[in-house]
Amino acid sequence: MTTKNMTNAGLPENEMPKNELSARDWSVHPPYFCETYKSTVLRSPRQKLIPIDHTLSETSGPGYGEPSIGTLGPDLTKSAVKNGLPLGERIIVGGRVLGEDGRPVPHTLLEIWQANAAGRYVHEADQHDAPLDPNFLGAGRCVTDADGRYSFISIKPGAYPWLNHPNAWRPAHIHFSLLGPSFSTRLITQMFFPGDPLLPLDPIYNAVPDEEARSRLVCDFSIELTKPQWALGYSFDIVLRGKRATPMEI
Amino acid sequence: MALKQTASQTIGPFFRYCLTPESYGHAGIAGASLQAPGLKGEKIRIAGRIFDGAAAPVTDAVVEIWQADAEGVYPETAEPGKFAGFGRTGTDASGQFQFDTIKPGTVPGRGNAWQAPHIGVIVAARGMLGHIFTRLYFADEEVANAQDQVLASVPADRRRTLIATRGADGVYRFDIYLQGDDETVFFDV
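As you go down the protein sequences, you meet chains A and B in turn. Take 0 as the starting number for the first sequence in the numbering used here and just add one per residue. Take 408 as the starting number for the second sequence in the numbering used here and just add one per residue.
FYI, nobody ran anything at the bench for these hints, they're computed from the structure. Keep in mind that this is a model prediction, so the values were computed, not measured. All C-beta atoms, glycine included, are put in the ideal place defined by N, C-alpha and C. No false leads were mixed into what you were given.
Straight-line alpha carbon distances no greater than 20 Å define the calculated SDA-like cross-link-like pairs of lysine to any residue that follow:
(1) B/Lys411 to A/Arg213
(2) B/Lys411 to A/Glu211
(3) A/Lys37 to A/Pro165
(4) B/Lys411 to A/Val217
(5) B/Lys411 to A/Ala22
Estimated spans, in silico, between C-beta atoms of each pair:
(6) B/Asp595 to A/Leu197: 27 to 33 Å
(7) A/Asp128 to B/Gly445: 50 to 56 Å
(8) B/Glu486 to A/Leu84: 32 to 38 Å
(9) A/Thr225 to B/Leu410: 22 to 28 Å
(10) B/Gly445 to A/Leu84: 43 to 49 Å
(11) A/Gln126 to B/Arg573: 37 to 43 Å
(12) A/Gln126 to B/Arg566: 41 to 47 Å
Okay, chain B solo, but in the shape it has when bound (with noise of 0.2 Å):
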């Protein structure tokens, strides 16, 4: 039988008191720690922000992550108290977000290929009528990087927008821009 896929619709702006309720009391699923007690791994915090067309930011959307662990596995069920690979949270009055996670390793690719450490990234928002997907690759990770196959599909002068870069206070910097110059590479997955 086939079926034909449900339209998309745009989350609107007023989402947080189901999808990141805690300021509402409520836990949600997910949110900006995947980190679990006795997870190994390289502690990191990712941290950006979101910006539109006018490059003002985007102060009500939500961004959410899927990583795998520090041995590139991507865990199969979402328990309470282990890492869940999936991070969810809402940008703030300056349009930032913020993740404390672990650096993933590398993944499977296709066929034999490896690909380099990275993290899948939905952000949606009022104004967007489907979420949109990217990836966050790492700067120091410059020798797998060039190997990627997904890196590798993209235009070499847009590359730079997926890559975290990290600063002197060891947070990785992922800024997204929904549009304009220097518009985000955005996936159609």
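Isolated chain A, as found in the complex (with noise of 0.2 Å):
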């Protein structure tokens, strides 16, 4: 944690570099160490990290517009097809990328993945034995409008098992990657789907220690998404590091 009223060099806080970012929330992102995730084991730093007062190497990030999209597009549904749709139950997926200060985030670039409806990743080190979809690949990209709204469509994941513990399976995600306005708001992270009885028994999604924020990766359904006749919508928001409150703002 950074010292709110000094910098590491000694300035005091109206010299900071503009668009300085509030803290990591450690109280909502998960440890690194996570004992009953097998994988954290060997992969989990075990010195403290050190804290950088943030410049302009952290405040500044890439900007990937529309022209990243290329051949992935948001709707997943039609960006594999080879001779026919992708088998499943579509689904829309939209909300908001907003900052903590509840500003939207505009023009940012969100890149999602999953698994098909039978629970099968196209990556070529997947070896479930479930059927793989010719017209679904489970990429898509999009970038958020001026309000920070973001849309995909796409086919309802399938829960598939992992061997992290005798009968693990993972609760049906999309994985979202962002990389916000800046390089300190990137965020990866996944979206569960309401009601999936597989969330309580997930090492994954209950190594997030807060219940109110593990609760914040389910989707919500929502009425107000759903396509008459054509799809069920799911609304997810996402809150990414907001601009820190300086004495001058308030």
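Hints given; two lone chains; assemble the complex.
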């Protein structure tokens, strides 16, 4: 944690760089080591993280917009069609990307990936005995609009087994990757579905220490996003680190 | 309105067809080369391996870098064919990653300070519930490194984990140890 009123150069706060970001909130983010998620045992740093008082290197970030979408657009049911539509339950997933201050994060890139309806990833290393869908890749990109809104069309992903513990199954989820406005706002997370009986059993979901923060990883069914005669809608808002309030702004 | 941050979750093992999808027939938003026609600066290659706490290579990580140009300017937009300051690649079967880029210039620090040339590095992988941040500095920038505020905040005996050394082949080596006696310095950014 940085000391609020002093920088490491000993300068008063009003001389700090523009766009100073709030700290990473460790009350919501999972710790690196989680005993029940086995792969963390050898992949978690054990030394204390060293805080950096933000400089331009942390407050600036890559500016990927619409041109970066390329061949992986926001409609995952269309981008890999070979001889028909993908199988499974079509869904709409939409929401807003916001800062902690509640302001929208406009024109920011989201990248998502997921398993198909049978719980199988296209990834060459996925050996789950479930069928691939020739018409579904499961990867998409979208850029938020001026109000921070995004929307994807996809197929509801299936649960799948993994080897973490006996009879381990991941709850259905969609992976989200966001860069946000700066290199420090980077967020990689997973969105889950309401009512999934696997959620209480999932070490990854439950690695988030705070129950309220966990529940915010679960999208909400949304009748407003649901398109009549076509597909169910789910809403999922994402909150990135926001600008830290400075005395000048209060 | 005060909202709470969305929690991080692991990137998992199966991100490649989205984040580094070249072998699946799609272009990624960024790749392992940041070089672009007409780009000023010294062309360099950075290579390293990522190891876990048992010194086994981490073969399913994604590595991202963010850097300024040779004049110390961070690009504001990422446009095709231009230097975007951002690179992304996956580790291979030996845990190795590699970037072709240019050496960044000095960039402003806090107050009137300047920072030694450096590259921001993110690593994410299965088994990591959050990505990690580190910084790559250059061994041949001794004077600038000695004045760098961030390096100064790191215990002296661990600073070497942040400094890429140039081999006889001209490649800057930057191995990353997630855990263990040589654990790389990771930052709370």
